[in-house]
Every structure is written in structure tokens, then in C-alpha cells.
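Chemist: Sequence:
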Amino acid sequence: MIINSVRAKNVLKYAELEIESVPGEGIIAISGENESGKSSIGETICFALFGRTFSLDEEHLQKVLRWGENRCSVILEFTVDGTRYQLGRFLDRDGNHGARLALAEKPDETLARGVTSVADRLFEILGYEFDEFVESFYLAQREITTPHPHSVAVKIMAGVAPLEQVSSEFEEEIAKFEEMLDEIEAEAEALRQEQEELDFQEGLLVTLEDRKNALEAEVAANKERVSALEHAIDTYERDYPLIRRAEGKRGRARFWRFVTFVLALVAAGTWGLLSQGGDLPQSRQLLQLLQQQVTGWQDAWIPYIGVGAIVLGVLMFFFWMRVSYHNRRAQELRAETAELPRAMEAARAIGPLPAESSPGDG
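At position 334 of the sequence shown the residue is numbered 334 (our numbering), and the sequence of numbers has no breaks.
Straight-line alpha carbon distances no greater than 25 Å define the calculated DSS-like cross-link-like pairs of lysine-lysine that follow:
| # | residue 1 | residue 2 |
| --- | --- | --- |
| 1 | K223 | K176 |
| 2 | K63 | K9 |
| 3 | K38 | K63 |
| 4 | K223 | K212 |
| 5 | K249 | K106 |
| 6 | K9 | K106 |
| 7 | K9 | K38 |
| 8 | K13 | K63 |
| 9 | K212 | K176 |
| 10 | K13 | K38 |
Bear in mind the hints are in silico, worked out from the structure with no lab data behind them.
Full structure from sequences and hints, please.
Modeler: Below, the structure written as C-alpha cells:
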């Protein structure tokens, strides 16, 4: 999440707070005297996102209002995955609490309204809630406990918790396979000792030698299976986030390809009717509609509609190529991760050696 701007009224120490054009990269420092309101900026952002602050829960939320004021508001604009959102939150002295979420480019079109609905939609967009935000991204004043870098909240914020769970399961499988390998190596060592003790029995010595060679070959093959499994796991953990990213970009490119296709058709049809339609009734009706709806309409604008259709067609082709590229990229990454099931199947074939009768039996 990238914060773009903050605008607040009557929140904590601020009668008015406006922070515009926040840089998307780098480190931002806020300096000032003690009690000058530096921490209030972070508290304002926290209140906008989650309807509470680090020091004020829902039961004491009215303390967010500036002293002597009856109503406060904050509007926060932020960007997630290239989409810019506008979040507004309002609170009055009577305890009335409201929230509204919309796209920054279309603020009149509401995505969610109400405290609960906005909280649910924000969780879908951000992927975390207040507790994870406070522990991972926000260190309040006088809160000196550093979040543990391996805490659950940090992993949730980074999106690696599911991958870590899968990795843990794979590590357990590998540990079992390594135990089996140790047993096989111990068996091979026992056979080597038997060979040394029974080397005077020529026939048995040949049998044990063959058995030892077979065991050593099996140990080497099993080590290769485990090595292949570890490599496949590393490839899967590396490529899975890239697959998700490629599929997301492919979906957005498909959407814009459809939009530009529809707009190109509309523009081309409009240009065709106006320039080539002659005395067709549809052409006259369309021209009358444009003259009524477009202030200062001029027939000289008709060629520009054709140019617009061509530009939209070029854009549609561009998005078509982007869809093909991201689709091919996702397929290539999935082909790499497809090695994991085969490696796991091969590793599961590793099993304990069958019991061998001692030389003195039978």
C-alpha cells in the first residue's frame, strides 16, 4: 500500500491537516518539537484505515475529536497494485461513525459504505487488519517493542504465510526421506561388516558384494531424488508469486483490451455513419444527436472521430499483445513448477529396505 494524500479536519491536535503528493518511494521523515503533532499524523492514518488508533479503541473513539469540536473527518487516498482508492471516515460527538470507500478516479461511485462493509472491503484489498498493521508497519510513540521479523503478522503482510506452510510440510517430507537414507546407509554398513567377517565363504561373499552394490546404487538414487525434490521446492517458492503477478497483469490487460475494443467499434461506427452514411436516416439522427449533446459541435470534427477509432484500435492491439505476453509468462512459470509433483512422487518411492536373513539361517 502506498499512501498518496491525507486530508483531515478536527482530528486529534489538528483543526486541519493536508498532506498532498506523498512520494511513492523512499523514506519520509517528520520532524518537530515535542507535542507538536507528529504522532497525530500516524494516528490519523490509522483512524482512517481501521476506525481506531493504537491508543484509542472503539470504546474511547470520541477522544479522536479535537477538543471543543463536535465532528471530525479524514479522507485518505492510497494505491494498491496500481489502483488508487479514496477512503473517507467521519465521527461526531454523539458517536455516529461512518465510512465510505471509492476509487480515487471515480469518487462518486461507492465501492463500500458503512463501517463494517468498508472494513470487509479493505481486508480484501489490503490483506490485513488493524493488529497486523500495528505490529508490522506502525510503531506508535512510546511503543519501543520491535516487531519480531518472523511473527505471523509480518508473514501475513508479506504474503508468505501460505508458502511457509507449504515449505514446512515439504521439510517434514524431506526429513522422513533423510531418515530412510540413514537407515539404508546403516544397512549398507552392516553388510560391509558382514562381508569382512564372512570373506572366507566365497559364495556368500559374492552375494554380499552384489547386495552391497545394489544398496549403494539405491542410496545414490535416493539422494538424487531428495536433491531433485529440494530443487523443485525452491523453484515453486520462487515462481509462485511471479505466477500470481503475471495472472493479475493478464486479467487487467484483458479488461482494457475489451474496453478499447468496444470504444474502437463505437468510434469507427460513428465515423462511418457521419462520413460515409450519406443521406441514411441513421446518419442524420446521429448528427442531430451530436449537435444537441455536444456544445459547439462542428462537422470538421468528424475526421478526428476516425483518428480516435484508429488510436483505440492500436491500443486494443497493444493490450492484446500484453495479454499474450503475460499468458505466455504464466505458462512458462507453471511449466517450471510442474516439476514439483513429479519430484514428490519420485521421493515417495523411497522406502525401507526389506529384511535380510542372517547367513546362519536355514
